[in-house]
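J.: Sequence:
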Amino acid sequence: MLTKEEMPVCPVATTVQLIGSKWKLLIIRNLLQRPWRFNELRRDLEGISQKVLTDSLRSMEEDGIITRTVYPEVPPRVEYALSDLGESMRPIMNAMEEWGKNYLLLH
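So for the sequence shown, the UniProt record's numbering puts the first residue at 1; every next one is plus one.
The hints are simulated quantities; they were obtained by calculation from the structure and are not laboratory data.
Be careful, since some hints might not be right.
Restricting the straight-line Cα-Cα distance to at most 25 Å, the calculated cross-link-like pairs of lysine-lysine (DSS-like) are [as the list claims (entries may be wrong)]:
hint	residue 1	residue 2
1	101	24
2	101	22
3	51	22
4	51	24
5	4	24
6	22	4
Pair by pair, the computed Cβ-Cβ distance ranges are [said to hold, decoys possible]:
hint	residue 1	residue 2	range
7	43	71	15 to 25 Å
8	85	51	35 to 45 Å
9	30	75	20 to 30 Å
Computed from a prediction, not measured in an experiment: that's the story for all the values here.
Glycine included, every Cβ here is placed at the ideal spot set by N, Cα and C.
Could you build the full structure based on these sequences and the hints that come with them?
T.: Below you can see the structure in the form of structure tokens.
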């Protein structure tokens with residue numbers, strides 16, 4: 001996790017730094033629906049490797065975008081969900097979805 005001093009000065013660059021990867025955006029898209037377990041995400045995100053999913057989830061947890069809840073069960077159950085900060089990205093993701101729909105209609 002970068003400190004505030006290490007983050008880009010430009011707000012757009014800061015956003016890209018935090019969520020700019022293809023996989024992070026798709027993980028957030030899924031987590032906007034409901035909490036997901038690791039293997040559910042891996043199955044749904046076709047083409048993502050276990051390492052990239054693990055690294056992306058850890059990074060977003062460190063940045064406060066998602067939460068990781070471990071349930072004391074056997075076998076252990078872990079769920080990932082958006083934090084309040086992650087939920088605040090809903091309008092951004094909705095705008096991206098709308099833009100994508102319009103692009104597909106026009107091209």
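J.: Each hint should be assessed against the structure and marked as holding or not.
T.: Hint by hint, here is what the structure shows:
1. Taking the CA atoms of residue 101 and residue 24, the gap is near 20 Å; set against the 25 Å cutoff, the hint holds.
2. With a C-alpha separation of about 17 Å, the suggested pairing of residue 101 with residue 22 holds against the 25 Å cut-off.
3. For a cut-off of 25 Å, the pair hint linking residue 51 to residue 22 stands: about 15 Å separates their Cα positions.
4. Restraint check: the Cα-Cα separation between residue 51 and residue 24 comes to about 13 Å, which is no more than 25 Å; the hinted pair holds.
5. The hinted pair formed by residue 4 and residue 24 meets the criterion: a straight-line CA distance of about 20 Å does not exceed 25 Å.
6. Distance restraint check for residue 22 and residue 4: the Cα-Cα separation of roughly 23 Å lies within the 25 Å cut-off, and the hinted pair is therefore satisfied.
7. About 20 Å separates the C-beta atoms of residue 43 and residue 71, a value consistent with the hinted range of 15 to 25 Å.
8. The hint said 35 to 45 Å for the Cβ distance between residue 85 and residue 51, and at roughly 25 Å that hint is violated.
9. In this structure, residue 30 and residue 75 meet the distance hint of 20 to 30 Å, their C-beta atoms being roughly 22 Å apart.
Violated hints amount to a single one, hint 8; each of the other numbered hints is respected by the structure.
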